[in-house]
Structure formats: C-alpha cells, structure tokens
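Student: Line by line, the protein sequences give chains G and W. Everything in the first sequence is counted per my numbering, starting at 1 for the first residue and increasing by one. Everything in the second sequence is counted per my numbering, starting at 1 for the first residue and increasing by one.
Hints listed in this document are in silico derivations from the structure and should not be mistaken for laboratory results. There's no promise every hint is true.
Unchecked claim - Lysine-lysine pairs mimicking DSSO-like chemistry, simulated, CA-CA at most 27 Å apart:
no., chain 1, residue 1, chain 2, residue 2
1, G, Lys418, G, Lys441
2, W, Lys343, G, Lys370
3, G, Lys418, W, Lys343
4, G, Lys441, G, Lys370
5, W, Lys114, W, Lys132
6, G, Lys280, G, Lys290
Nothing here was measured: the structure is a model prediction, and the numbers come from that model.
Listed below are the residues making up each chain.
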Amino acid sequence: MTELLKVEGLVTRLRNGARIVDDISFHICQGETFALLGESGCGKSVTALSLLRLLPDSVQVESGAVRLEGVDILALPEREMREVRGGKMAMIFQEPGLSLNPVMTVGEQIAEALELHQELHGAAAHARCVELLDQVGIPDALRRLGEYPFQLSGGMKQRVMIAMALAGRPKLLVADEPTTALDVTIQAQVLQLLRDTQRQNGMALLLITHDLGVVSEMAHQVAVMYAGHIVEMAYREKLFASPAHPYTQKLFAALPGTGRNGQLLAAIPGSVPPLHDLPKGCRFAPRCDKAWELCHEQAPGWTTQEEGQGVRCHLYATGDAAASEKLNVKSETEKQSEALIAREENISHFTFPVPLLKVEDLQVHFPIRKGILQRTAGYVRAVDGVSLSIPAGRTLALVGESGCGKTTVGKTLLQLIKPGAGSVRFVGKELIGLKAQELRKQRAGMQMVFQDPYASLNPKMRVAEILEEGMDALGIANNSDKRQRRIDELLEQVGLAQPVKWRYPHEFSGGQRQRIAIARALAVNPKLLICDEPTSALDVSVQAQILNLLRTLQQELSLSYLFISHNLAVVEYLAHEVCVMYLGRIVERGSVEEVLHYARHPYTRALLSAVPRIDGHGAEVVRLAGDLPSPANPPQGCHFHPRCPHVMPVCRSEYPDATDISATHHVHCHLYM
Amino acid sequence: MMPVILWTDALIFLLIAVGVVSVWWIRRRPHLMLPWQRVAKSRVGMVSLLVLSLFIIVGVLDTLHYRAALPEKNNGQTVYSPEVLSVFDVLAGGLRSRTEKTYSAPLAAYLYAKESLETTDGKVMRNYPRLKFGGAHLADPERELVGDVVKRGVVGALGGLLVGGLFAWLVGWVRRSLPKRDDSGQLCPPYTLRALLITALVIAAFVGTVANLASVYHVLGTDKVGQDVLYLSLKSIRTGLVIGTVTTLVMLPFALLLGVAAGYFRGWVDDVIQYIYTVLSSIPSVLLIAAAVLMMQVVIEKHADWFETAAARADVRLLCLCLILGVTSWTGLCRLLRGETLKLREMEYIQAAQAFGVSSFRVLTRHILPNVMHIVLISVVMDFSALVLAEAVLSYVGVGVDPTTISFGTMINAARLEMGRDPMVWWALASAFGFMLVLVLAANLFADAVRDAFDPRLNRTESAT
Chain G
1 MTELLKVEGL VTRLRNGARI VDDISFHICQ GETFALLGES GCGKSVTALS LLRLLPDSVQ
61 VESGAVRLEG VDILALPERE MREVRGGKMA MIFQEPGLSL NPVMTVGEQI AEALELHQEL
121 HGAAAHARCV ELLDQVGIPD ALRRLGEYPF QLSGGMKQRV MIAMALAGRP KLLVADEPTT
181 ALDVTIQAQV LQLLRDTQRQ NGMALLLITH DLGVVSEMAH QVAVMYAGHI VEMAYREKLF
241 ASPAHPYTQK LFAALPGTGR NGQLLAAIPG SVPPLHDLPK GCRFAPRCDK AWELCHEQAP
301 GWTTQEEGQG VRCHLYATGD AAASEKLNVK SETEKQSEAL IAREENISHF TFPVPLLKVE
361 DLQVHFPIRK GILQRTAGYV RAVDGVSLSI PAGRTLALVG ESGCGKTTVG KTLLQLIKPG
421 AGSVRFVGKE LIGLKAQELR KQRAGMQMVF QDPYASLNPK MRVAEILEEG MDALGIANNS
481 DKRQRRIDEL LEQVGLAQPV KWRYPHEFSG GQRQRIAIAR ALAVNPKLLI CDEPTSALDV
541 SVQAQILNLL RTLQQELSLS YLFISHNLAV VEYLAHEVCV MYLGRIVERG SVEEVLHYAR
601 HPYTRALLSA VPRIDGHGAE VVRLAGDLPS PANPPQGCHF HPRCPHVMPV CRSEYPDATD
661 ISATHHVHCH LYM
Chain W
1 MMPVILWTDA LIFLLIAVGV VSVWWIRRRP HLMLPWQRVA KSRVGMVSLL VLSLFIIVGV
61 LDTLHYRAAL PEKNNGQTVY SPEVLSVFDV LAGGLRSRTE KTYSAPLAAY LYAKESLETT
121 DGKVMRNYPR LKFGGAHLAD PERELVGDVV KRGVVGALGG LLVGGLFAWL VGWVRRSLPK
181 RDDSGQLCPP YTLRALLITA LVIAAFVGTV ANLASVYHVL GTDKVGQDVL YLSLKSIRTG
241 LVIGTVTTLV MLPFALLLGV AAGYFRGWVD DVIQYIYTVL SSIPSVLLIA AAVLMMQVVI
301 EKHADWFETA AARADVRLLC LCLILGVTSW TGLCRLLRGE TLKLREMEYI QAAQAFGVSS
361 FRVLTRHILP NVMHIVLISV VMDFSALVLA EAVLSYVGVG VDPTTISFGT MINAARLEMG
421 RDPMVWWALA SAFGFMLVLV LAANLFADAV RDAFDPRLNR TESAT
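Turn these sequences into a full structure, and let the hints steer you where they fit.
Tutor: Next up, the structure:
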C-alpha cells in the first residue's frame with residue numbers, strides 16, 4: 001500500500017515551553033484506519049490539529065515533518081494550506097452540536113465546502129449536496145438540506161459533519177472522538193457509516209479516541225499515546241492479543257467487562273502527569289508497578305519488535321536482566337481482588353426480605369407551555385410509570401440512552417423534581433406528598449453522586465465546607481470537633497489524604513473530585529446512593545478507581561446503589577439487577593446475568609450489540625435505524641416499534657404488558673406474549 | 001468650635017466602621033486572609049490602592065465638618081458661624097480664600113479677560129490686569145514667571161521627595177525592627193514593595209510640587225467667579241465618592257436580592273421581578289430621576305426650618321439624590337445577576353445541596369452569591385464612573401446636587417459653557433476630567449486585582465493550612 005501521510009519527529013509545544021506532543025512519528029497508508037488511543041490530556045487532539053495546522057495561538061509546532069503524499073505540509077504557505085484543509089485532509093470534531101453553524105442551513109454549509117474545493121455552484125452544488133447526504137444515510141435528503149442544525153438530532157448532525165468533510169473528497173479524514181458525544185446505538189451507526197465511506201472512497205482515516213472498543217472495531221493500526229509520547233504502536237490484532245507496554249496492559253485490565261465479575265478492576269493509581277511537571281525518566285514510571293530505578297532516571301527509547309510492534313519501555317530494551325524479571329511480576333490488584341471475592345461471598349448468601357426502596361408507577365410529566373398565556377399544550381412524558389425495588393446492600397442499574405428519562409427517575413426519587421403520580425417508599429415510608437419538614441428527616445437516607453465532577457462541587461467552597469454542608473443541614477455530628485473527625489474519616493474512606501480538606505475543588509483532578517462528591521454524599525450516612533453516570537466523564541484508568549471505590553464502599557457500609565448508566569460494561573461490573581429504560585418506561589428487568597447475557601427485548605439486544613467489544617465478537621449484529629423519538633410525542637403502541645427489527649402489526653397499536661421469563665426476569669414485548 | 005455630623009458624614013463613618021470591623025474579622029481567619037494576601041502581592045493592585053487611598057484621605061478629611069465659633073458672644077453663649085467647614089477646608093485654607101475676579105489660566109499671573117485699566121498717566125486702556133493672588137509676588141511676570149515656576153516646582157519636588165524618602169525609610173526601619181517572619185508570612189514581596197516605593201516617591205514629588213506652587217499660584221487656574229479650580233477639584237472628590245459608594249450601597253440590596261431570587265425561584269417570583277424592572281427601565285431614567293428630585297426639592301424648600309445650615313440642606317439633597325439614583329439604577333445589574341443565577345441553579349452542586357434539604361436561603365447565600373460576586377464587583381466599579389457622570393448630567397438638567405455643593409458634575413456643567421468661548425477656557429473641564437480619570441482608573445484596577453485574587457481557579461498552587 002502507498003504511504004499517504006508520514007509524520008516524523010513531530011514536536012508541538014506551548015509557547016512558554018511545555019511540550020504537548022513530544023517527538024512522535026507514524027505513517028498512514030491509503031485506505032487504512034490509524035487509531036490514536038489515549039486518555040484525556042495525552043496530546044491526541046493537539047496531534048491532529050498540528051497535522052491540519054489549526055493550532056491555537058498559544059501552541060506551535062516546534063520541529064518535525066508532516067508529509068502528505070510527499071509534500072511537507074508544515075512548510076506550505078497558508079494560502080496553499082487552505083486547499084489542503086478540506087481538500088486533501090478533512091476533520092470531524094467531537095461535539096457535533098458545536099461544530100455546525102446554528103444560523104446556516106445544512107445545505108448552505110455543505111455547499112460552502114463544495115464551492116471552495118470542488119468549485120461547484122448553483123444546481124450542480126445542490127445536486128451534490130443531496131448525493132452527499134444520501135451517502136451519509138440521511139433519509140429525505142432533499143428536505144433536510146433546507147433545515148437548520150437545531151432541527152437535527154446529535155447523530156444526524158454528526159452525519160452532516162461527515163458529509164461536509166467528504167464534500168472536498170479528502171484523501172485523509174481526521175476524526176477526533178467522532179462518537180464520544182453520541183449514544184451507543186447512534187455510535188454504532190456512525191462507525192458503520194465511517195467504515196462504509198472508507199470502503200467506497202478508499203480514503204485513509206486517522207481516528208482519535210479513548211475508547212478501546214471503538215479501536216477494536218475500526219482500526220488497522222493503533223498507536224497508544226501517553227503524556228505526549230507514543231508509547232506503543234502495533235497492528236490491531238497484535239495489540240489486542242499481546243499488549244506490550246505496561247500502560248496498554250493496564251488500560252485493558254482497567255476496562256470493566258465480561259468475566260471479571262467480583263474482581264477488582266486493575267485501576268492505574270494516580271492520573272496523567274501535568275505537562276509542566278513531567279517526570280524525568282519514563283513518563284509512566286510513577287504509575288507503573290513494574291518500574292524500577294532505571295525507569296525513574298532515564299527515558300526509554302523506541303524498541304521495535306516482531307510484526308511491526310514498537311514500544312517505548314525499558315522492559316523490552318534488549319539485554320537487560322532486570323527487565324525480563326520484571327515482566328512476570330504479579331500485580332497488587334490481583335492479590336487485592338482475591339481478598340475481595342472472599343468477602344463478597346460472605347455477604348451474597350444473605351437475603352433481604354424487605355426492599356429498602358420501593359417505587360411504584362412513578363410518573364413525571366413536564367408540561368409544554370405555549371402562547372402568551374402559557375397554556376399547557378401537552379406533556380413531555382419523561383418518566384411514564386416506572387416501578388423499581390432495591391433491596392439493602394444491592395445495586396440496581398438503570399440503563400438506557402440519553403433522553404430516556406433515567407436521570408429524571410434518579411432526581412425524582414430524591415424529590416428534586418416533583419413527581420406527577422406514583423409512590424416512592426423508602427424504608428417503608430412514603431416520600432411523595434411529605435411536608436418539607438418531614439422530608440428533610442428522610443433526606444439523609446438517600447443521596448446522589450452526579451455525573452460531572454466539574455459541575456458538582458461549588459468552586460468557592462473548600463472541601464471541608466463541602467463535606468460539612470450536608471451534616472449541617474441535617475444536624476449530624478453537631479459539635480465542630482466531631483464534625484472535623486468525621487470529615488477526616490470520610491476522606492480516608494474515599495482514599496484522599498487528610499490535608500486536602502482545606503483546598504478548593506479546582507485543585508483536584510476529575511477522579512479526585514468524584515471522590516470528594518462521593519464523600520459528600522456519604523457524610524450523612526445514607527443507605528442508598530443514586531449514582532448518575534458517575535464515571536462517564538472520567539478516563540478509563542480513573543473510572544476503574546472510582547468503580548473499585550464504589551464497590552469497596554458497598555461492602556464496608558452495606559450501601560445500596562441505584563446506578564444510572566449507559567455503559568453496559570460498567571453496569572455488568574457493578575450491578576446485581578438491571579432495568580432497561582426506553583422512552584420513560586422500563587422495557588426489561590432482571591438480574592445482570594439474565595439481562596446482559598440472555599436479553600429478550602429487541603432494544604436490549606440492540607444496545608448490547610451496539611457496544612463495541614474489545615474481544616471483537618459481540619452477539620449477533622443488531623443495528624438500530626433512526627433516533628430515539630421525542631418523549632413529548634411517543635409512538636402509538638409499543639414505543640420501540642419504529643426502530644424494532646421484529647415489528648408486528650400488534651406492536652403498532654398496543655403497548656405490551658409485562659411477560660415473566662423467569663421469577664426475576666420480566667420483559668415488555670409482544671414477541672413473548 | 002462645634003463638630004457637625006451631616007447625614008452623609010454619618011454614612012461615611014458607618015462605612016469606615018464596617019471596614020475596620022471586617023478587617024479585624026478577616027485578620028483572625030487565615031483562609032479569609034489568603035485572598036487579601038494575594039491582593040497585597042499584586043503590584044497593580046497595591047499601586048492603585050495607594051492612589052485610591054489618597055483620594056479617600058482627601059474625602060475623609062473633607063467629611064470631618066465643624067462650625068467655627070465666632071468672636072462675639074450672645075448672652076454668654078458662644079455663637080457659631082453659619083458656615084459649615086471641614087478639616088480639609090482648614091488645611092487648604094489658602095486655596096479657598098484666594099479668589100480672583102474671574103477666569104485665569106493655570107499658573108498665570110494675569111486675568112484671562114481684558115479690563116479697562118487706568119494707567120499711571122491717567123489714560124484708560126484695555127488690557128489684562130494682574131491677578132490679586134496668582135503670581136502677586138513677581139515684579140515683572142512676563143520675564144520672571146517661567147523661571148519662578150520652574151524654581152518653585154523643583155524645590156517643591158525635592159521637598160516632597162525628602163519627606164517621602166524619610167517616610168519610606170521610617171517604614172523600612174519599622175519593618176526591619178519587627179520580629180522576622182518567614183517568607184509566606186510576609187505581606188508584600190520585595191517587587192511589590194519596590195513598585196509601591198517608586199509610586200509613593202513619584203506621588204510625594206508631585207504633591208510637593210503642586211503644594212509649593214499652589215501657595216502663590218493657581219495651579220489649575222480659576223473659574224468664572226475666580227475660585228481656584230484645584231480647590232474645587234479636591235472638594236469634588238468627596239461628592240464623587242459619596243455618590244459612587246452610597247448609591248451603590250442603596251442599589252446593591254435591590255439588585256442582589258431581586259436578581260438572585262428571580263433567577264433561583266423562577267415562576268411567579270421571576271415574573272413579578274421581571275415586570276418591575278422592565279417597567280422601571282423602560283421609563284426614561286432622566287425623566288424619572290428629574291421627577292423624583294423635583295418633588296424632593298419642593299419638600300425641602302417647604303420645610304426650610306428642618307435644616308440649621310445651608311450645608312445641611314445641600315447635604316440632604318445629595319443624600320436624596322443618591323437614594324433616587326440607587327432606586328432607579330439597579331435594573332442593569334439585576335438583569336445580569338438573574339441570568340447568571342439561571343445558569344448556576346442548574347449546576348449539580350446546587351442540586352446536591354437541595355438533596356441535603358439545605359434551605360433556599362442558605363443555597364442563595366452560600367452557593368449562589370459567592371459565585372456571582374465577580375460580576376457584582378466588576379459592574380459596581382464600572383457603575384461608579386457612570387454614576388459620577390450621571391450626577392453631571394443631572395446637574396446640567398438642573399436636578400442634580402445643590403448648586404452650592406461642589407462636585408465634578410457642577411464643574412463639568414459650568415465648564416460646558418466655557419468650552420464654547422474663544423479663547424477657550426479648557427482647564428476646568430480638563431481638571432475635572434483628569435481627577436475623575438485617575439479616580440475611576442485606580443478603582444477599576446484595584447477591583448480587577450481583588451477579583452483575580454478571589455477567583456480560586458486562578459490561584460491553584462497555594463492553600464491555607
């Protein structure tokens with residue numbers, strides 16, 4: 001295959017000195033997909049922006065060469081560079097909602113690219129627009145051309161972005177986390193689209209992602225980045241079969257997934273080092289359990305191994321006796337998780353007769369108001385008759401795509417949103433309709449951990465004040481000595497050092513912030529924690545730390561969790577029971593085993609098959625067409641029928657009742673009536 | 001001598017007392033001290049604070065009012081002069097009393113207008129007469145003026161530098177003799193001190209020059225009725241500060257309370273508050289203020305017996321103007337705060353607090369207020385200059401401060417007419433402009449430094465223990 005893009009010794013740095021991308025080299029062949037894999041802050045996006053010369057003013061390329069079809073791009077004058085951008089190299093960004101201009105129609109935006117690079121105007125451009133939209137799988141392309149971005153869903157917007165990128169017939173498409181902001185079923189559609197277009201046009205794809213699953217589905221070659229370096233590069237099969245660098249190995253181990261139930265995840269301690277404070281030797285050494293003195297003193301060089309696998313690690317430098325010894329060290333986590341399993345077995349025998357939380361037929365309808373008089377014109381049925389029950393010490397996972405109402409359920413249980421109807425019984429006491437005073441007494445029992453650790457801590461309060469707030473409001477540990485002791489205790493429980501309590505939240509990384517948020521919830525001794533996607537904003541290695549922490553806390557304090565998530569792997573790791581939600585209703589419920597391995601509902605199956613798996617063999621491939629309908633106007637009959645591959649006439653007219661598959665496994669589907 | 005405490009004086013004293021108490025309160029709490037220590041480290045912040053404090057000193061000196069005892073007695077009782085003076089008037093006594101006939105240019109020895117003069121031989125000719133006070137000591141101003149001004153200026157500067165240097169040495173000596181603290185305990189790092197020292201010396205030299213020249217000249221000229229413009233400018237500082245701070249104090253509770261409440265509670269509370277400020281801001285503000293001021297004027301004039309002195313009446317009028325300005329100018333900030341609160345209330349930390357059952361009042365004060373303070377600080381300082389200008393506009397319309405009150409507004413208003421004549425009389429406007437510029441700029445820079453120091457996101461590295 002011909003080499004399309006060749007990057008050699010690229011160094012990109014902040015103007016004040018810190019190197020964001022430090023001496024990376026790779027090449028991409030025609031028709032190939034090259035994946036750059038790494039956690040946030042590793043320099044992946046900056047690499048992509050360097051290639052397109054779109055760096056912000058404070059960052060500049062210092063040295064290195066980028067050759068596209070033999071032409072050194074870095075030396076081109078800006079005029080010619082504009083031809084390259086979009087013409088030979090195009091880019092799609094992470095946030096489809098932010099990368100389209102909201103005041104221009106879709107057609108105008110695509111036509112703009114066509115005019116620049118293909119010199120198409122008027123009717124010709126219009127025809128090509130329709131063709132492009134067809135190509136990216138947007139139904140009714142002619143009508144969509146005249147629509148504005150706000151009229152499209154997230155997945156549609158990303159398709160339009162791809163269409164715009166394809167308008168210039170680029171040789172190389174740079175995709176920066178193209179599916180991170182999308183739901184799994186939509187992600188599967190977009191990835192499929194990228195694969196199809198690649199096959200048709202023979203273009204190369206530089207895929208930037210943090211998701212091992214996406215890499216395993218898409219990539220031919222993979223480069224793993226860590227703190228500005230490429231630490232390992234290999235063909236996909238080779239990398240997934242035998243990752244060489246300790247960091248890559250850890251990334252795989254940190255991923256929750258099948259066959260790991262009951263074990264602790266191999267979290268990588270700490271987080272990616274900040275750019276201005278890089279370690280002297282190997283950049284991964286402080287977090288590596290195989291590191292020895294040499295790693296801390298000297299940066300490792302690039303070692304090439306068989307089958308084109310290259311790695312930047314002292315372990316593989318030839319002729320080092322210490323290295324080969326270290327290769328076979330058993331890691332700490334493996335020992336710890338053995339202990340955990342032993343403990344967990346003790347607990348799991350115990351049965352719980354009375355549910356801690358029992359929710360029946362919960363409904364939350366938000367009125368849609370129209371006109372000057374604010375008359376109610378309809379309702380958004382965010383939650384439409386949800387029933388749950390959570391026993392003490394267990395975890396119930398609520399799974400669904402964004403917009404299905406799972407977060408609303410969580411907030412309604414806490415009475416942050418007023419429910420329309422239904423009952424919420426917590427330890428046998430009805431919460432709905434309680435007076436504010438009495439409700440406050442019940443508040444301590446149930447607490448919430450939020451999704452975004454950057455938004456969930458008040459930036460103007462110190463950690464101690466944050467932790468104190470709940471105790472203060474609920475009158476727990478009333479004297480100040482006791483309270484300080486309790487704060488120290490809480491910080492220790494979540495694995496933070498005691499001096500941090502006088503700091504402000506911004507001084508912490510995402511993972512540490514999430515620990516503080518958990519400590520805040522624990523401060524009032526709750527029995528039930530509602531975790532709303534607590535790890536979706538975190539990197540894989542940090543996610544593993546938080547999941548381990550949640551698990552350990554559950555055992556120590558016999559907490560119950562309502563775990564709200566869209567990530568099935570995480571659910572599989574943590575949950576005992578699973579409820580799958582679609583458009584405000586639960587469509588399938590059962591134990592983890594039943595729902596995730598013997599799924600019955602077509603939606604659950606589609607969800608499971610849409611998740612990219614690193615082992616490469618998902619269940620049968622079920623691809624869902626279309627988007628989640630609006631809960632303001634749900635489809636007649638079964639809500640899922642417009643997207644369902646097994647749709648029957650009865651589905652269009654009647655909502656299916658629950659069918660019992662087993663004592664614990666229930667499904668709402670006409671297929672099993 | 002009888003001390004007189006006017007209404008605005010009382011408010012200023014109250015403000016000073018609150019300031020002193022909060023300094024004492026903060027000094028005892030290390031985590032509250034921390035941001036102020038960061039302010040102390042910022043060069044721009046400290047230099048602007050120095051400049052600002054000069055203005056404040058002048059303003060405070062001008063706030064200590066009294067009535068002098070008259071020499072004659074009435075039935076054994078001391079009789080006091082009806083004129084209310086301030087400590088500042090005493091210190092700047094010469095400036096106040098040396099009034100000329102009419103306009104004279106800065107540092108001039110002649111009047112700015114020709115008059116018919118009778119020469120020694122009895123002929124009448126039109127020429128520029130000599131000033132009564134400005135440059136009166138010179139025998140032949142046309143020849144000696146420049147030399148004398150330069151000489152006096154340099155002597156004054158040197159004197160100022162000497163005094164400033166002595167003072168700096170004294171400060172250094174006190175610092176050295178204090179028990180040595182470690183670096184972190186030091187209030188000001190050396191580079192800030194150096195900047196402060198240089199500024200202080202420059203100011204000292206400048207003040208020395210002006211003071212020395214002012215004893216025999218009108219440094220900034222005189223106005224239509226021959227009053228020294230320098231004196232007018234210095235007197236205006238107090239009025240400016242009063243209008244800026246008191247109005248802000250009146251406005252803040254409205255803007256803060258209503259803005260934050262509207263944003264947080266939404267629903268009918270929001271509707272009501274929005275209607276109020278939409279209505280209020282859609283009435284032309286000058287009209288609204290003019291109506292209120294005129295009504296107030298009528299009340300004051302009807303009850304002349306309420307006030308012992310003219311100064312007391314002028315002062316109440318000033319206070320009322322502040323109140324009226326305050327009540328009508330909160331809408332802008334209120335709208336800003338409502339928007340910001342709308343954004344903040346959706347933040348997850350607010351929901352976390354609600355999940356704890358924290359009362360709305362506490363959520364407002366602990367979570368929302370601290371997170372909107374930067375907006376308040378910036379817009380208050382910005383409003384400060386707008387308020388001083390508003391006063392000028394109102395004085396122009398004739399509904400501003402009492403005509404006897406000296407303010408930037410009345411100065412600008414008077415100068416406005418003079419800009420139109422030929423040759424132009426520029427100095428009154430220029431000095432009002434210059435003083436306001438320095439005052440507002442210093443306040444702006446200081447507020448900027450404070451805002452930066454209080455933003456935890458900009459100060460990552462340090463923390464109190």
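Student: Taking the hints in turn, state whether each one holds.
Tutor: Comparing the hints with the structure gives:
no.: 1; hint: G/Lys418 / G/Lys441; verdict: holds (18 Å)
no.: 2; hint: W/Lys343 / G/Lys370; verdict: holds (23 Å)
no.: 3; hint: G/Lys418 / W/Lys343; verdict: holds (20 Å)
no.: 4; hint: G/Lys441 / G/Lys370; verdict: violated (38 Å)
no.: 5; hint: W/Lys114 / W/Lys132; verdict: holds (15 Å)
no.: 6; hint: G/Lys280 / G/Lys290; verdict: holds (17 Å)
The structure does not agree with numbered hint 4 stated previously, though it agrees with all others.
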